[in-house]
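Colleague: Once you have looked at the hints, place chain P on chain V.
2 protein chains.
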Amino acid sequence: MENGYVAVDTDGRVTGVAADLASLGVNVSEPCRKSNGEDVEIVDFGDRLLIPAMNDLHVHASQYRNQGIAMDLELLPWLQKYTFPEEMKYADTGYAERMYRRFVRDLWRFGTMRACVFATSHTESTRLLMHLFQEAGMGALVGKVAMNRNCPEGLSESVEEMLQGYEELIAEFNNPEALVRPIVTPRFVPSCTPEMLRACGELAAKYRLPVQSHLSENKDELALVQTLESIWYGAAYNRYGLFGQTPTVMAHCVYTRGKELRLMKRNDVMVAHCPTSNLNVASGMAPIRQFLDEGLRVGLGSDISGGHDLNIFRVMVYAIQVSKMHFLRNHARPFLTLPEVFWMATKSAGSFFGKVGSFEPGYEFDALVIDDSDLNHDHYSLLERLERYIYLGDDRQIVHRFCRGNEIIM
Amino acid sequence: MENGYVAVDTDGRVTGVAADLASLGVNVSEPCRKSNGEDVEIVDFGDRLLIPAMNDLHVHASQYRNQGIAMDLELLPWLQKYTFPEEMKYADTGYAERMYRRFVRDLWRFGTMRACVFATSHTESTRLLMHLFQEAGMGALVGKVAMNRNCPEGLSESVEEMLQGYEELIAEFNNPEALVRPIVTPRFVPSCTPEMLRACGELAAKYRLPVQSHLSENKDELALVQTLESIWYGAAYNRYGLFGQTPTVMAHCVYTRGKELRLMKRNDVMVAHCPTSNLNVASGMAPIRQFLDEGLRVGLGSDISGGHDLNIFRVMVYAIQVSKMHFLRNHARPFLTLPEVFWMATKSAGSFFGKVGSFEPGYEFDALVIDDSDLNHDHYSLLERLERYIYLGDDRQIVHRFCRGNEIIM
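Line by line, the protein sequences give chains V and P.
Throughout, the numbering used here is defined as the position within the first sequence, counted from one, plus 12.
Throughout, the numbering used here is defined as the position within the second sequence, counted from one, plus 12.
Isolated chain V, as found in the complex (with noise of 0.2 Å):
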């Protein structure tokens, strides 16, 4: 919409979009009021974009130092020799704190007020990290790691060690209406044993906690899921009621087809698409607009440090490019257009916080407020102007942050 409004009430929420004061019920008067008497506080962002704000499913904050960095290595190695001694390093919480602040920063940075994190196994530096965003004002799932299985011993936890850490943090952050809140992460089946996944499962029913794990990202850990569980991946998350059983986001899904894909539909399991993340890990690509033809919600994640690169516009683009990778071998499925992967990024992986990533009446808001003006330097349209910011802008262009109707300044 040219020269809209977006109405918010005093809670945060949006209370309707019109394209001018007067259907919103205001009437514009010094001071201006609603026709119930209310003041109405009037910004005005002249000619720039306001658009939801962005929504990451899926990133490791304790994977932020290695961002960009060891690319040319294949994913065991790379596992081995970055992923694993890096988080090791979260026992500090000193550590911790320096690089928590500059992730929870950049985060802010390329306009992404909700995001679902990966911690570490380490309880007091995942706490920091929540205390973190609730200091910035942003929203986020974050979770403790859970592991206990082919990884280093000082990322391994005890099942009681484990649930002693959640409960902890649980006793400190589990308001449902908070931005803030724990979200149960079993690394993934292979890290796990079936004691600690059936743990991690009781403590998700228990509390209502949402879920987040990895799912059928390469071929050899889908080989590896079948002899740890004799069964196949989503089935084995099923079994231990990490399944859809309470909100929950897989990371990855790029082998994840019929029975699966039929389990996800049917339990409401969300899907992290991470383009960037397949491209670099070389695992494969996932199939975005067979999912979307079933029926699967969707949104994007940024997979730091398997994906390089935070700024979910640019993820969308990836998106847009590895939907085309699948055109170009089957025409037959359409690749995702602008619109889609935009929808992706804001209303769909929004609904996983809740009524996140629209303007309509109801949704929070959390908004990007965008100066293209060095952008847009000729005649372009309002939706070619908003390509031009996905494809060509950055940070510099975001010039307000809103969360939960709260300017976030940083």
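Derived by calculation from the structure, the hints in this document are not laboratory data.
Note that the structure is a prediction, hence the values are computed from the model and not measured.
Careful, some of the hints might be misleading.
No copy is singled out in the list; a pair is fine if it fits within one copy or between any two copies.
List of simulated lysine to aspartate or glutamate pairs, EDC-like, C-alpha gap at most 20 Å [as the list claims (entries may be wrong)]:
(1) Lys93 to Asp390
(2) Lys277 to Glu306
(3) Lys271 to Glu306
(4) Lys101 to Asp390
(5) Lys101 to Glu396
(6) Lys46 to Glu173
(7) Lys101 to Glu169
(8) Lys93 to Glu396
Modeller: Relative to the frame of chain V, chain P by itself:
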């Protein structure tokens, strides 16, 4: 090299690289002198990265306005609705100047000091673009685009008009030592009658001018060329003296195999690999590992506006990712590594412009100074710093730019 020195002569050529001044024959005294008594100016860039500047082997300056829009369209409607109408505007030199100034400045911003550029068929605005490069002090091979079929009237020229325009530009610019020179530019076989192609080849031979065009990007295009010329694509260019008879660079080469590949090798025709464009236009992914194995010379191109990003560092990342998609299908050919794509964007692409793209003795000093302090927040190795800059950095970190020994300031 950590804390090294690059020695540059007064004519802008590198004379050596060393870890200490003494091995470069410099006595560190006030004022600094070389052993032969000449004064030496020493510039200390501290902890910054000093690397060769970027070279872009394929970019359409005249599609600058369309950068980052209409990406949801397929090739044909995109050409008809966006590309051709846009290029027709360059009949107006006022419009051309407004766009070309921004274009040259953006190349500069992202650290590209040399480029092979497509202008349009309009002689006057092509001349203007060449003047803008001259003013800037940057290197460019600029092509007035020859085309006389399958295109709108406003872009079509007769063979005589084409030749007349080129003669004017050559008279003004054809100094083999100059930074800015003309390059013979038939748009591609489908846009040029045999007479036009023959005239282009004769022109290149007459003035020993380099040649650029498009090759084997898309399967429909291949079939069309076969119909028009009754021969395969590369052979059609070769027939007219446009395939290595003078230095030649061909963009895309997605479907170049067998005979065409061997002819390119034999004639030393260079490949401009445009991975961003490969993904956006969804015509296919060029098999670069195969080209390197066969001994072809390969550089990188941004291909604005089929590609959306003018930043060659981003194009490097895409080159690795596209290569990983080939690797995914066939593990027998390893994917391109960071050092390889860095070499492609510097020394390999630079070879099309002369001794450009390296700090070896005798090379022209084209260089970037990168202040990566905001990305270098932990203990990273030199190679990791370079990798992080390539994956995460942008124009903000480029603090000095040199072309042929001169600092280029805008």
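Colleague: Are the hints correct? Go through all of them and say.
Modeller: A quick look at each hint next to the structure:
In the homo-oligomer, the alpha carbons of Lys93 and Asp390 lie at most 20 Å apart only across protomers (17 Å), although the nearest pairing inside one protomer, at 49 Å, exceeds that limit. Taking the shortest Cα distances, Lys277 and Glu306 sit within 20 Å of each other inside one copy (8 Å), while across copies they are farther apart (48 Å). Within a single copy, Lys271 and Glu306 get their C-alpha atoms as close as 12 Å, which meets the 20 Å cut-off; across copies the closest is 44 Å, which misses it. For the homomeric pair Lys101 and Asp390, the shortest alpha-carbon distance between copies (13 Å) is at most 20 Å, but the shortest distance inside one copy (50 Å) is not.
Taking the shortest Cα distances, Lys101 and Glu396 sit within 20 Å of each other only across copies (19 Å), while inside one copy they are farther apart (45 Å). Taking the shortest alpha-carbon separations for Lys46 and Glu173, neither the intra-copy value of 54 Å nor the inter-copy value of 68 Å comes in at or below 20 Å. When the C-alpha separation of Lys101 and Glu169 is checked against a cutoff of 20 Å, the pair qualifies only within one copy, where the shortest distance is 15 Å, while the shortest distance between copies is 66 Å. Taking CA atoms no more than 20 Å apart as the test, Lys93 paired with Glu396 passes between copies only; the shortest distance there is 14 Å, against 43 Å inside one copy.
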